[in-house]
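Please dock the two separately framed chains into a single complex, following the hints provided.
Each chain, letter by letter, is given below.
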Amino acid sequence: MTPSADAPQQRSAASENGHNPANRSRAAAQPVNGRQSPSPTHPVIDCDIHNEVSSIDQLMPYLADYWQDYIRGSAFNSPHANDYPRGAPTSARPGSAPAEGGQAGSNLQLVREQALSPWNTEIGILNCAYRVQSIRQEDLAADLATAANRWQIDEWLTPESRLRGSLVVPSQTPARAAEEIHRFGGHPQFVQVVLPVRSYIPYGNRFYDPLYAAAVEHDLVLGINFGGAPGHPPTPVGWPSTYLEEHAGMAQVFQSQVMSIVVEGVFDRFPDLRIALIEGGFAWMPSLMWRLDKEWKGLRSNTPWVRRAPSDYIRDHMRLTVQPIGAPPDPRYILQTIEQLESDKMLMFATDYPHWHYDEDSDAWPVNLPEPLNANIWSENARSFYRL
Amino acid sequence: MTVVVIAKVWEIPPGERKIVVPFRGRAGIGVFNVNGDLYALRNICPHKRGPLCTGELTGHIDAAAPPSAGEAELTVEGDGEVLRCPWHQWPFEIATGRCLVDPDVRVKTYPVRIDGNDIIVDLDD
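Going line by line, the protein sequences match chains A and B.
If you read the first sequence in the numbering used here, its first letter stands for residue 1, the second for the next number, and so on.
If you read the second sequence in the numbering used here, its first letter stands for residue 389, the second for the next number, and so on.
Extracted from the complex, chain B is given alone in its bound form (with noise of 0.2 Å):
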């Protein structure tokens, strides 16, 4: 069994992230706090390659109806919840690593515990 300690407990609050860049050899993860839930994911954008966990944070953004007449009930469900690659903008939910356009696509995610002030992911399947 491989885990890591990725960090202390205090270096990743609420909103925030941190990238272990490289990890293995490899592009890295990323470690997300997502409302004081811990997320780990594979910072390599399952469509290009490009360093996904380093994108920006949204959320799941809906509408219900185009807004050109006034009943554009735009929203945003769950601020935090969405990353951004920052090479072609895909959207993937943190939570499952599930990528919003294209239910094909997933980027692979890790278990993620905390153990007294320590943050572990499990790099095993």
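So that you can see chain A by itself, here it is in the shape it has in the complex (with noise of 0.2 Å):
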């Protein structure tokens, strides 16, 4: 390997492709608080806190006997979608993986420390990413998820009242789905049913119309969540060969889906639905409602039960959390796409504890912005959306 090989190439000054970073406002792009700590002084809802499952011994006591004497008998130890793997250093910031042993953001004091304390936060929702959508035997799928389910109420729920919980799902049986909705749905501390972006089935398809219905009745959020592993590839080319590929390209699945609940008309079936596309990122909306909004136009009659402008159901029914961020290289493009948003409404805080987007507390959204926009997305979004 040659030594020029080890360091990245960066072009210098304006280069033939007309990318000029020296136009870029550098007084823009320093710290917004100046604050080492952040210590917001407004209230902070965070909502997108992992709580993991370290081992299927965590889960074996909420199991039918059935159940454990087939996980014993079998190598069955967890449903791998390895959306987080642990070497990536995405996956894990540096001190959240337990002394003891287990996964990161499996422990419940670490969370407190790292993820509650740094901003005081009020309320933090978490997303259990346990993926029992990957499972192909229903009845293990569904048991699993019931033993999530309970695993979340007594290790993370009922000992820690600033937390709020996302049910785990068998979404690929919505009726067992919705049993599991109808199972927990009433929990105070339930705020949401969260489902991996990867699906087998595009969430706009109406299989899916009885677990949306269940969620509705209880009055829960659907959460739709980065990874998943449905068994096709997670870009609509095939399969990606590094893992780059797989976690920056995700918000093209997160598009797909989009595309798919506002145009095969999920939001006229269930006109009280609300849904949270958590750890996609957000600076790619825009152009996706543009490109919606503009092709409906022409397309109208090809989707007659899209009666307004996809925006306008997209605003209406979805909001983004803000991490992973794009990290744009000066912090004004986030005002700008908030801009282009054309709402204050959309955007809600999260750190996506313990994934590792940012270095510094304090960056985990590094910009201040004008109230109430600013107040927005620290916290009354996501309270007025969640119904916290």
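For the record, the hints were derived by calculation from the structure and aren't laboratory data.
Owing to the predicted nature of the structure, the values given are computational and were not obtained by experimental measurement.
Incorrect hints may have been included.
Stated by the list, open to error - As a list, the in silico SDA-like pairs of lysine to any residue whose alpha-carbon atoms are at most 25 Å apart:
#  : chain 1 : residue 1 : chain 2 : residue 2
1  : A       : Lys297    : A       : Trp239
2  : A       : Lys297    : B       : Ala415
3  : B       : Lys436    : A       : Gly298
4  : B       : Lys496    : B       : Gly403
5  : A       : Lys297    : B       : Ile400
6  : A       : Lys294    : B       : Gly403
7  : A       : Lys297    : B       : Val464
8  : A       : Lys297    : B       : Arg472
9  : A       : Lys297    : B       : Lys436
10 : A       : Lys297    : B       : Trp475
11 : A       : Lys294    : B       : Cys487
12 : A       : Lys297    : B       : Pro434
13 : A       : Lys297    : B       : Val493
Structure, rendered in structure tokens:
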């Protein structure tokens, strides 16, 4: 390997493709509040904290005898979506793995110290990424979901009143998912049903209607979260070779789901359904809304059930969490993107703990915005959307 | 008052149209016979100035729900009452000039009457 192969090839000053970084505002690139500890003075609601199951042993006490026997007698140890490979720097921020072993994000005390305390977080919403959706044995998937939800109540929600939970459901069998929602939907700390963004069938399909009906009945938000392992590729052009492609490219999976949900009429069938797009970024949303609105006008007869411009449905029914942020080279671009959303209601603060998207806690939301936009993003959009 | 004889009544039977171009040096107008009622529209789409009146006739297309599970209930109400611009397929209701995908957009319409065998369009507002 030559020495130059190790060094990132950075172009300097203006280059032949017209890229001219010198035009950027340097002043705006400074840390927003000049503090090392964020300690914001306003309320904080964190819409994405992960609570990980470290081992199937934690769920065994909640499983039916048959499945305990099955798991002991087989090689099965958990549904592996491998959304967050251990070696990837994005998977776990330094120090988030418990000293006694186990997954980053699996220890409540560390979540308190590293996710709730730094921002004096009022409410933290857990997104359990236990991917029962990738299990082909329907009964095992359903029983594991129930076990994971009971475990969430016992180990997370009951001990820590600042936390809210997201129900794990076997969305590959929507009727069973609906049963699960009916089982726990009345628990005051469950505010959401979480689905992986990678699905077997696009989420706009009527296949999922029983699940959506149950979520609406219990007034739960539907959270669509990074990752999943449905069996087909995470890109529409086939399997990528690297985790970088899969990780950064997940934004296109989110876009596919947004298109499917709006165009196939989910919000016409369920006018009260609210959907949070979690851990998918947000900078792609303005261009998607522009294009959908433009083409909807000419192709109106193609989707007659879509009665309003797609962006109108999106602004009414969908919200996005802020991390991982696209990290534009100039923080002003973030404000420009929010302006392009043409709404100050759509973004919700999230750390995505324990995933590592920023170095200092103060960088979790790296821009100072005018009020009320600022307060909306830190807490009020989530308070209103989740009815907290 | 600027009134123009566009056609004899037998030239535009139901479901047909007559486009008069050029018309006062502009893109002209189209006169449509929709189930026996006559309407005149400016032949310029207010979206991007395409030749609107040369577009396809259609109706109010509606659906009770997405057609993925056997309850499509896809319907066409008033077939022939809607005109789609040939450039970008924006639909307009012929009777009112109203654009069906953007409430702020409307194509100019003109009063039409029949005098004897003449179809007459009133070009003044």
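We went through each hint and held it up to the structure:
A distance of roughly 34 Å separates the Cα atoms of Lys297(A) and Trp239(A); the hinted pair therefore is violated under the 25 Å criterion. Pair hint Lys297(A) plus Ala415(B) holds up; C-alpha atoms about 24 Å apart against a cutoff of 25 Å. Only pairs whose Cα atoms come within 25 Å are accepted, and Lys436(B) paired with Gly298(A) is accepted, the gap being roughly 12 Å. Under the criterion of a C-alpha separation no larger than 25 Å, the hint pairing Lys496(B) with Gly403(B) is consistent with the structure, at around 20 Å.
For the suggested pair Lys297(A) and Ile400(B), the alpha carbons sit about 30 Å apart, so the restraint of at most 25 Å is broken. A hinted pair counts as satisfied when its Cα atoms are at most 25 Å apart, and Lys294(A) with Gly403(B) does not qualify at roughly 30 Å. At most 25 Å may separate the alpha-carbon atoms for a hinted pair to count; Lys297(A) and Val464(B) meet this at roughly 17 Å. For the given pair, Lys297(A) sits about 11 Å from Arg472(B) by alpha-carbon distance, which is consistent with the 25 Å threshold.
Between the alpha carbons of Lys297(A) and Lys436(B) the distance comes to roughly 13 Å, so the proposed pair stays at or under 25 Å and holds. This hinted pair checks out: Lys297(A) and Trp475(B) have alpha carbons roughly 12 Å apart, not beyond 25 Å. At most 25 Å may separate the alpha-carbon atoms for a hinted pair to count; Lys294(A) and Cys487(B) meet this at roughly 14 Å. The suggested pairing of Lys297(A) with Pro434(B) holds, with an alpha-carbon distance near 13 Å, which does not exceed 25 Å.
Of the supplied pair hints, the one linking Lys297(A) and Val493(B) holds, its CA atoms being roughly 12 Å apart against a limit of 25 Å.
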